[in-house]
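Novice: Single-letter residue listing:
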Amino acid sequence: MPVATYLKEIDKDSSNLIKALQTVQKHEGFISDENLKELAEYFSMPPVEVEGVVSFYAQFKRSKPGQFIISVCDGTACHIKGSDLVKNWITEETGIESGETDDEGVFSVETVACLGCCSLAPVMAVNGKVHGNLSRKKVQKTLRQYREEAHND
Amino acid sequence: MSNIKLKIDEQEYSAEQGQTILEVAEDNGIEIPTMCHNGRISQTTSCFVCVVKNKETGQFMPSCSTRVDDGMEIEVESDDVFEMRQSALNLLLSEHIGDCEAPCTIACPAHAQVEEYIREGKNGNFTKALEIIKRKIPLPMSIGRVCPRFCEQDCRRNVVDEGQPVAINDFKRLAADKEFDNYLEDLPELQDSKVAVVGGGPAGISAAYYLRREGIRSDIYEKMPKAGGMLQYGIPKFRLPKHFVDKEIQHFDKMGGVDIFTNQELGKDIQLEQLKKDYDAVVLAVGSWKPGSMYAEGEELADGGIKWLENVARNDFSAENPGKTIVVGGGNTAMDCVRTAVRLGSDEVYCYYRRTEKQMPAEQIEIDEAKEEGVQFKFLSQPTKVRKENGQLIVTFKKMELGEKDASGRRRPIPIEGSEYDVKADTVIAAIGQKTIAPEGSKTNKWGDIEINEENGYMADNVFAAGDCVTGPATVVEAVAAGRNAALGIEAFLRGEEYEKPYEINVSRGHWQSLSKDDLVYLKELTDRKREKLEYIPLEKRKNSFEEITHTFTEEAIAREGERCLECSCTDKHDCKLKDYSEQYLAGPEAITGEKRVYEADTRHPDIIIDRNKCIKCGTCVKVCKEVVNESLLDFRERGFDTNITTAFGEQLPLSCADCGECIKECPVGALDWRNKERAR
Amino acid sequence: MIKRIKVGTASCGIAAGADEVYDYLSKNVTDHDVVEVGCIGHCYAEPLVEVETEDRSYFFENVEPTEEDLKNILDVGEEKRLTFRKERKDKELLKVSRLAGRIVPTSLQEYKENGGYQALEKALEMDPDNVVEEVKNSGLRGRGGGGFPTGIKWGLLAAKEDETKILICNADEGDPGAFMDKSLMECVPHQVMEGMLIAAHATGASEVFIYVRAEYPRAIEHLTTAIDQIIENKINVLNGKEIGIQVKEGAGAFVCGEETAMIHSLEGKRGMPRFRPPYPTDDGYKGHPTVINNVESYANVPVIISEGADEYSKVGTEGSKGTKLFALAGDLEYTGIVEVPMGITIGEIVYDIGGAEKGSVKAVQIGGPSGGCIPAKHFDTPVDYDSLNSLGAIMGSGGLIVIGNNRCMVETARYFLDFTARESCGKCTFCRVGNMRLLETLERITKGNGTQADIDLLEDLGPKIVDGSLCGLGQTAPNPVLSTLRFFKDEYKAHVEDKVCPALVCNDLVEIEIDHDTCIECMACVKTCPVDAISDDIEVDVDTCTRCNSCIEVCPVDAISRIPLRGE
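Chains as they are written, first to last, in the numbering used here: chain C, 38 to 190; chain G, 94 to 774; chain B, 111 to 678.
Derived by calculation from the structure, the hints in this document are not laboratory data. Honestly, I wouldn't trust all of these hints.
Think about it this way: if two alpha-carbon atoms lie no more than 30 Å apart in a straight line, the pair counts; the simulated DSS-like pairs of lysine-lysine are [claimed, not checked]:
1) G:K719 - C:K49
2) C:K166 - B:K396
3) C:K178 - B:K181
4) C:K63 - B:K396
5) C:K175 - B:K379
6) B:K609 - G:K719
7) C:K124 - B:K609
8) C:K174 - B:K190
9) G:K689 - B:K609
10) B:K351 - C:K45
11) B:K351 - C:K56
12) B:K181 - C:K175
13) C:K74 - B:K181
14) C:K74 - G:K719
15) G:K758 - B:K379
16) C:K49 - B:K344
17) B:K270 - C:K49
18) B:K344 - G:K689
19) B:K396 - C:K49
20) B:K396 - C:K98
21) B:K379 - C:K45
22) B:K603 - G:K689
23) C:K166 - B:K557
24) B:K379 - G:K689
25) B:K344 - C:K45
26) C:K178 - B:K351
27) B:K599 - C:K56
28) C:K56 - G:K719
29) C:K124 - B:K557
30) B:K181 - C:K56
31) B:K599 - G:K689
32) C:K63 - B:K181
Quick list of simulated restraints, FRET-style, between CB atoms [unchecked claim]:
33) B:G677 - G:K539: 35 to 45 Å
34) G:Q136 - C:K49: 24 to 34 Å
35) B:D272 - G:G111: 19 to 29 Å
36) G:E688 - B:G677: 23 to 33 Å
37) B:I673 - G:E688: 28 to 38 Å
38) C:K101 - B:D237: 55 to 65 Å
39) B:I673 - G:T449: 44 to 54 Å
40) G:R505 - B:I673: 40 to 50 Å
Glycine is no exception: its CB is placed at the ideal position from the N, C-alpha and C atoms.
Same shape as in the complex, but just chain C (with noise of 0.2 Å):
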């Protein structure tokens, strides 16, 4: 769908980019090349630096990801209470490693800097639904019901 379409209340002054930018990619889920160059024309930019705008927030996904968004808490308290064998358990689950999308499309894997559910730690997100206190069994349980959502679909 043309993005002008989700952009109807935004202004077209460029200081809402980002803006723009997060709406697209609520309803996209990414913003592609396409959408990207209709970006710039909307808000007559440089389609160069659009990318560059793009490019420089960790928000921003290039590439579609999968149904569901696994974001993996780094931050301070879920580093020291383990969120490395919370990645690991992931990988286990997922096979698929920060940063990638599997091959079905359900998962994608993200670290993210602090969710600010420090008191929780370890945790993670699943599309924006924080999980706390995370073990191995947790993170196979959890992960295993979206999997079933995802094929109920």
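Fit chains G and B to the known structure of chain C by using the hints.
Specialist: Just chains G and B now, with coordinates in the frame of chain C:
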């Protein structure tokens, strides 16, 4: 506009309110290095090479952006500031990938500007090529024939055509053969000072030559009837016809300011103490002529290799047939001996070497040519005894086997007990290296060679030394490099200064053996041409005469061969701020090391190369394109250590960029440049 | 008599399962209101349910969506009752976070009933200059890390005569390990907004932006709701002047906590800082005069105006007034958020409030990746801006991670460097390349490949990165390395000289040992090992083992342990 006062390195200056420290410094002729500051664009403040220190607060400040205040006290040249700048440069170098200088030039002991003379030769500009060559190589006709070609061993063409580097030395040979007669360098006026050069071999000639280029006279004292040293009396003429050597020596007549006195032996005809008094400086370049020992009983019955060759040369290469000849040794002198013996009529010539062919120090081509000429090789044999029975020479050899590696990295030969055997011969030649006979009054090291300051060839008092007598037997190109270095040392010495080799950095992609085709940057389309072959005279003629065995390349062959050069050095090497400042601040690519981000160089545009591996991320190009040219074709990507600058979607730059080139002009390094090196310069 | 039941559904609560508890309670409780509130700071006890009766409240901890727990709650039973420990109650001073977790965050009415927007009303009756004066007199210093006096900043903006003046709320709480701002936004969004509106009145700002991390969806949701209510009720019309309010979401860049970077980000650009001066008060958002304060700073403002600068400044030390929120995490019993008076000692926070066992703690990391480690022997240091600076740490935003004896300080420093190296914007040479080199050096050391030259490099390069960077990120990035080198050099030495990680944390210097005398041969470890490094006769293959600890976790008899790597 108020006038304010500030102190820079204790000195008071006045400035306008609103000026930056850098501007004030520039106005007052104080040099502050900066990589990212550029007056044509808005302020960047990223490189931190321009830091200065606020004396009061102890804080470092980027001078390009910090505005002056009344009463400010700034350190611009203190040790702290130097160290900060050095660290900034070290960090930039630690992520820099490229080749400041081409590997051939780095490998050449004389650091001849290979890529440049190849380009001139390829384009048929042989006078220019010769001019470039002679900046570092005073004897191109000779070296163009006998050099062991260190340059070719490191030539990157090997990545594309392994074992077929660019035939670099042949460019020297053709340029010299073609243009030498007509060539005369631009020379400065002669000064009053005068130098004595003891020894008319490559090192001595080189010293005299480069002294002359500095305007300093010299007298060369040569103990033999003719100057030239090893070129004249060591290397046989089938490899180096003597009229070339004579021609190169006679060139001094054209230059003026250099006189050669032959048959003058140090310690006999001339005395060092007297020379020291009569001249402003003395260069000892007496070579390394004393034959080494075989450590075999009766070895006095054998001829010393170098001495034997000398005698043949003195006799204009018309000696008696040596009969069945045994040459002991595996170096180039041994090869010269066996091949000379063939040419003198012997049809039974043997080379005995105590290790195997792989370990022979001689050049492979010499070994191969000797084999072609019928020389037979016997490996893993060491002579233990030479004796004469009834007028017949008999050599006893012991068989060897290879053991552990020794200090030279070669496997050590170990004698096999009870394996002795005898071989009869008419002539036995021991070609196992030479030793230096250091002149009386010289400083020597534990090998008996003269000891000098390697920076400038200085020995003691007003005496310098260069060549084999310093290094022990080495190559002609090493000798001329040393001679030139001594000349520079003397030039400074005569001004009352001490010469030091300039600190130079070289970022390198690495040796070709560690690289693949994809690691290289191709400024022009890669040709699949193979190395041009040297043309030999017929084998029979080779075996029966001392005629030069190869022909000089034709101009057409050289033009084709030149296409093979990959032009490895950086397009920006003459104008790179990172290199210049790093040398000024003694920074280097090895000081801080770590991971580097590797990008493919973009050579899609016919005229422009974008090589992000060299980018320092100052963004000058981004701003020049946007603010000066009013385009926006480049921008930053990613962040942190992954930051890089590229085009939209990594597409090729428009062809019209070739008409602008503003970004190229302002890029402080070689990240954006013209693909054509002449244009780049 | 139960008035209503509150479930703490701030994001910490949700992460512990408060959503399910809330759903369960609202479905099954018919007689009373069940409402969602924020977080009272006792995160260790989540999910947490408060039962409000006529005269007092009862708190239940670790509540599960079960019939049993439901019954217990409705009966106000003794099970799972949260006790407020005296040690903590005595040390805490709840002023800024007074309402956090006690009211429904998105209820304007509840906020007002509890005194909300009275400070704004009071301020609007005051001359703007007097409001600035009041904030100056309160001694409030920026709670975001720098500690610059808030009132002075406001004064600079107030002095500008531009028509458009901008106020920004820095809600880009990027320090891993800090979550106080998130909590304030989630729990008392109106209080933050009230502070901003008072600031707008005081400085004459015409527009306010709240720059929030995208990772805080609930905070964004609550702020957005609060703003809608404010606009609907015209609370943003200050003495006739309407103030524009916008929430802007960050997009995942720690460096945007730096004010010039944040401004660039708000302008839709790459969040790269620039050289100052010009300061934002002269040249800020789109060139307009701009002031940026942090969430907690704004949340302090209503308190200051309500009780007056004199009263406010009675709390704290000479140079650091008022209270400070800290996010407590790491190796301690009671994690969560605490509000304490400035000047309290680190020991009081760690031991009394946090319940950490004395002797089990090696250090605290304060100020996140920009801060430093403070070893236990300095725990009598008072918490104020200047004392912390003198130890090479910083107040930072208030993340306080307790590091137990079983943690490796070199690895901790490596962790922070890994974070900052990734978050560097890439502009300054020292920060872009230097931090990467520090990180690589630390990696060499933790992998057992370090040498004395590596320690020398850290000591040489670290201070230069501090000196040679434009913004706070680069200027503070080496702090974790430099402070651990200062206080825990022996740990570095052990890694380098003896190739030993004393805390047995660094995997490359550790191996897994099974004590066969204790082992009951249950084979749990063999089955659980993800890389099949434990053979059927229960021996660990050192080369295959990834030191993932899975075997240690499953061993029922604690027969498996980490030991220093044995040499060949």
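Novice: Take the hints in turn and mark each one as holding or not.
Specialist: Results of checking the hints against the structure:
About 21 Å separates the Cα atoms of G:K719 and C:K49, which keeps this hinted pair within 30 Å; it holds. Between the alpha carbons of C:K166 and B:K396 the distance comes to roughly 36 Å, so the proposed pair goes past 30 Å and is violated. Under the criterion of a C-alpha separation no larger than 30 Å, the hint pairing C:K178 with B:K181 is consistent with the structure, at around 28 Å. A hinted pair counts as satisfied when its Cα atoms are at most 30 Å apart, and C:K63 with B:K396 qualifies at roughly 27 Å.
For the hint linking C:K175 to B:K379, the alpha-carbon distance of about 40 Å lies beyond 30 Å, and the restraint is violated. Note on B:K609 and G:K719: the hinted pairing is violated, with a Cα-Cα distance of about 53 Å set against a maximum of 30 Å. Restraint check for C:K124 and B:K609: satisfied, since their Cα atoms lie roughly 26 Å apart, inside the 30 Å limit. For a cut-off of 30 Å, the pair hint linking C:K174 to B:K190 stands: about 25 Å separates their Cα positions.
Only pairs whose Cα atoms come within 30 Å are accepted, and G:K689 paired with B:K609 is accepted, the gap being roughly 27 Å. With a C-alpha separation of about 28 Å, the suggested pairing of B:K351 with C:K45 holds against the 30 Å cut-off. Between the alpha carbons of B:K351 and C:K56 the distance comes to roughly 27 Å, so the proposed pair stays at or under 30 Å and holds. Between the alpha carbons of B:K181 and C:K175 the distance comes to roughly 27 Å, so the proposed pair stays at or under 30 Å and holds.
Taking the CA atoms of C:K74 and B:K181, the gap is about 59 Å. The hint is violated against a cut of 30 Å. Proposed proximity of C:K74 and G:K719 is supported: the alpha carbons are some 19 Å apart, at most 30 Å. A distance of roughly 27 Å separates the Cα atoms of G:K758 and B:K379; the hinted pair therefore holds under the 30 Å criterion. Annotation: proposed proximity of C:K49 to B:K344 holds, straight-line Cα distance about 27 Å (limit 30 Å).
For the given pair, B:K270 sits about 29 Å from C:K49 by alpha-carbon distance, which is consistent with the 30 Å threshold. About 56 Å separates the Cα atoms of B:K344 and G:K689, which puts this hinted pair outside 30 Å; it is violated. Taking the CA atoms of B:K396 and C:K49, the gap is about 15 Å. The hint holds against a cut of 30 Å. Using a Cα cut-off of 30 Å, the hinted pair B:K396 and C:K98 holds, with the two alpha carbons roughly 27 Å apart.
A threshold of 30 Å between alpha carbons decides the hint, and for B:K379 with C:K45 the separation of about 21 Å falls inside it, so the pair holds. For the hint linking B:K603 to G:K689, the alpha-carbon distance of about 28 Å falls within 30 Å, and the restraint holds. Between the alpha carbons of C:K166 and B:K557 the distance comes to roughly 35 Å, so the proposed pair goes past 30 Å and is violated. Between B:K379 and G:K689 the CA atoms are separated by roughly 27 Å; this keeps the pair inside 30 Å, and the hint holds.
Among the hinted pairs, B:K344 with C:K45 is consistent with the structure: their alpha-carbon atoms are about 26 Å apart, no more than 30 Å. Of the pairs offered as hints, the one joining C:K178 and B:K351 is violated, with about 55 Å between alpha carbons and a cut-off of 30 Å exceeded. A hinted pair counts as satisfied when its Cα atoms are at most 30 Å apart, and B:K599 with C:K56 does not qualify at roughly 46 Å. Between the alpha carbons of C:K56 and G:K719 the distance comes to roughly 24 Å, so the proposed pair stays at or under 30 Å and holds.
Between the alpha carbons of C:K124 and B:K557 the distance comes to roughly 19 Å, so the proposed pair stays at or under 30 Å and holds. Among the hinted pairs, B:K181 with C:K56 is inconsistent with the structure: their alpha-carbon atoms are about 47 Å apart, more than 30 Å. This hinted pair checks out: B:K599 and G:K689 have alpha carbons roughly 29 Å apart, not beyond 30 Å. At roughly 42 Å between alpha-carbon atoms, C:K63 and B:K181 are farther apart than 30 Å, so this suggested pair is violated.
The hinted window of 35 to 45 Å between B:G677 and G:K539 holds, with their beta carbons roughly 40 Å apart. The hint said 24 to 34 Å for the Cβ distance between G:Q136 and C:K49, and at roughly 29 Å that hint holds. Range check, B:D272 to G:G111: Cβ separation about 21 Å, and the 19 to 29 Å hint holds. Against the hinted window of 23 to 33 Å, the Cβ-Cβ separation of G:E688 and B:G677 comes to about 28 Å, which satisfies the hint.
Taking the beta carbon of each, B:I673 and G:E688 are about 32 Å apart, inside 28 to 38 Å as hinted. Between C:K101 and B:D237 the Cβ separation comes to about 57 Å, which falls inside the hinted range of 55 to 65 Å. As the Cβ distance of B:I673 to G:T449 is approximately 50 Å, the hint placing it in 44 to 54 Å holds. G:R505 and B:I673 have their C-beta atoms about 44 Å apart, which keeps the hinted 40 to 50 Å range intact.
Checked against the numbered hints above, the structure breaks hints 2, 5, 6, 13, 18, 23, 26, 27, 30 and 32 and satisfies the rest.
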